[in-house]
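Novice: So for the sequence shown, full-length UniProt numbering puts the first residue at 1; every next one is plus one.
Don't take every hint at face value.
[Stated by the list, open to error] Below, simulated DSSO-like cross-link-like pairs (lysine-lysine); rule was C-alpha separation at most 30 Å, straight line:
#1 Lys54 - Lys113
#2 Lys97 - Lys114
#3 Lys114 - Lys452
#4 Lys114 - Lys249
#5 Lys25 - Lys146
#6 Lys339 - Lys410
#7 Lys113 - Lys97
#8 Lys97 - Lys452
#9 Lys146 - Lys452
#10 Lys113 - Lys452
#11 Lys25 - Lys114
#12 Lys367 - Lys410
#13 Lys249 - Lys367
[As the list claims (entries may be wrong)] For each label pair, taking beta carbons as the anchor points, the in silico distance ranges come out as:
#14 Asp332 - His120: 17 to 23 Å
#15 His120 - Arg269: 33 to 39 Å
#16 Val111 - Pro320: 42 to 48 Å
#17 Asp76 - Ala382: 44 to 50 Å
These are calculated hints, taken from the structure and not from any lab test.
Here the structure is a predicted model, which is why all the values come from computation and not from measurement.
Ideal Cβ placement from N, Cα and C applies to all residues, glycine included.
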Amino acid sequence: MADLTIRNLTATPLELEIVERFDGKPTSGGEHRIKGKVSGVFKRSNVAQHARIKGESRDRRELSIPLGRFETRSTDVQAPEPGREVVRLTFEFDGHKYQVDVPGESRRSLVMKKLDGGPHEYTVVYVTNGACVSIYSSTHLSSWMKELRDEWPLTALSIPGTHNSPTCHVALPSVRCQAASIREQLDNGVRFFDVRVQVNSDDKKSDLILVHSAFPISLTGTKYFHDMLDDIYSFLDANPSETLIMSIKREGTGKGTDQQLSKWWTDPRIPRLGEARGRIVLFRRHANDDSLNAEYGGRGYGLDCSSWPDNCEDAPTGGPGLARVQDFYEMDQSHNIGKKIELARAHLERAAERVCAAHPSPGDEHKPFFVNFLSASNFFNANCWPEKIAAKVNPAIIEYMALRHGEAGKGPHGLPVGDGSAGVVVTDWVGLDGDWDLIRCIVGWNARLQLKE
């Protein structure tokens, strides 16, 4: 077996002090049902094979391996044999001890046990492939922005998002993209929302219909934009530290125009976090009404992404420095999912290379959003419907972020690392059966900004 690599992806130094080894036996449960449903994709992704401790410790070793903030260390600790062994790791920080068993009893992330009431919370992702233990700072996902300084531009943040965000209802398999409601997504850390609306020429703003392409998002009744906004406003009232970005695009069969959608206003510049707290930032994929183009000194309203690149691998959109987009979505064969994964990894690498300043000098304000869609589909191929693609892509991205993201030269193109941001990562089918690990991995990278304070 390989030796363990440990990545401390937190803003606190840690020290590995004790390693204990136990016999283990494989466990099964809810994951078994999901695994069968998606043809064993989680096993292929090499996210940890789970096991349960059997009996007493058969080996105990005391040692001292310091792990600096955002430091990766190779160790001489042998990785557990998959399905047969469990290794218990005890870490220390500031006089307090924290403990975790790898692998755990399920494939999901692990929360370190506080042995003496320590003040910190840590989450662990164990990846069998690479024998890697990645440690993240646990955060309250409903208010994770509270920990970040007001001065950071939103482009500096690692922001989890969802594709066709409100499509969690009973619908055609090719239409549904999400497992959880908008409010559940907000409570679990999602902050970028991709929304498609149908506009009819005689509709008022409150009558905008939520759609996915030409299809309604629910087979049990029409869903409206204004109802979704009520849920969002309620969340922001309860969590004023948070902001969210909403991408709005006109789709559907309505005969309205882009101009009828532009009544929702906002400043057309990229804000700092402090300016945007408690607000929705409009990421506009529709044209403004002519009457609005003279506003803000002729800059119009909203962040203008109306000229969206189609099926792109890495393309600019919007005004100077606004966004670079990976949105390759056309799947003609299921094997193209491998290409999608590589394109998503490459865009994560580009986002990680960028350096943002909390107090940018003139001319340095326009660091772009890196918007990285993990979604894709093919209406005519059931193997390429959103749920099936997410079942392969999401675990692969968790694995990449735990093993390689933020490591200089370890990405697809061997790029250097700047701030280590993940950019805006837009996902399908997160939150299925309460599994928010991908969101936790994205949010966790914001801790790196604390090193620059």
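Novice: Against this structure, judge whether each hint is valid.
Specialist: Comparing the hints with the structure gives:
With a C-alpha separation of about 19 Å, the suggested pair Lys54 and Lys113 falls inside the 30 Å cut-off, and the hint holds. For the proposed pair Lys97 and Lys114, the alpha carbon gap of about 6 Å is at most 30 Å, so the pair holds. Taking the CA atoms of Lys114 and Lys452, the gap is about 28 Å. The hint holds against a cut of 30 Å. About 46 Å separates the Cα atoms of Lys114 and Lys249, which puts this hinted pair outside 30 Å; it is violated.
For the proposed pair Lys25 and Lys146, the alpha carbon gap of about 41 Å is over 30 Å, so the pair is violated. Distance check on the hinted pair: Lys339 and Lys410 sit about 18 Å apart at the alpha-carbon level, within 30 Å; holds. For the given pair, Lys113 sits about 9 Å from Lys97 by alpha-carbon distance, which is consistent with the 30 Å threshold. For the hint pairing Lys97 with Lys452, the CA-to-CA distance comes to about 26 Å; that is within 30 Å, so the pair holds.
With a C-alpha separation of about 17 Å, the suggested pairing of Lys146 with Lys452 holds against the 30 Å cut-off. Only pairs whose Cα atoms come within 30 Å are accepted, and Lys113 paired with Lys452 is accepted, the gap being roughly 29 Å. The straight-line distance between the Cα atoms of Lys25 and Lys114 is roughly 25 Å, inside the 30 Å bound, and the hint therefore holds. For the given pair, Lys367 sits about 23 Å from Lys410 by alpha-carbon distance, which is consistent with the 30 Å threshold.
Between Lys249 and Lys367 the CA atoms are separated by roughly 23 Å; this keeps the pair inside 30 Å, and the hint holds. Under the hint 17 to 23 Å, the C-beta atoms of Asp332 and His120, about 48 Å apart, miss the expected range. Between His120 and Arg269 the CB atoms are about 36 Å apart, so this pair conforms to the stated range of 33 to 39 Å. In this structure, Val111 and Pro320 meet the distance hint of 42 to 48 Å, their C-beta atoms being roughly 43 Å apart.
With their beta carbons about 48 Å apart, Asp76 and Ala382 fall inside the hinted range of 44 to 50 Å.
Consistency note: the structure conflicts with the earlier hints numbered 4, 5, 14.
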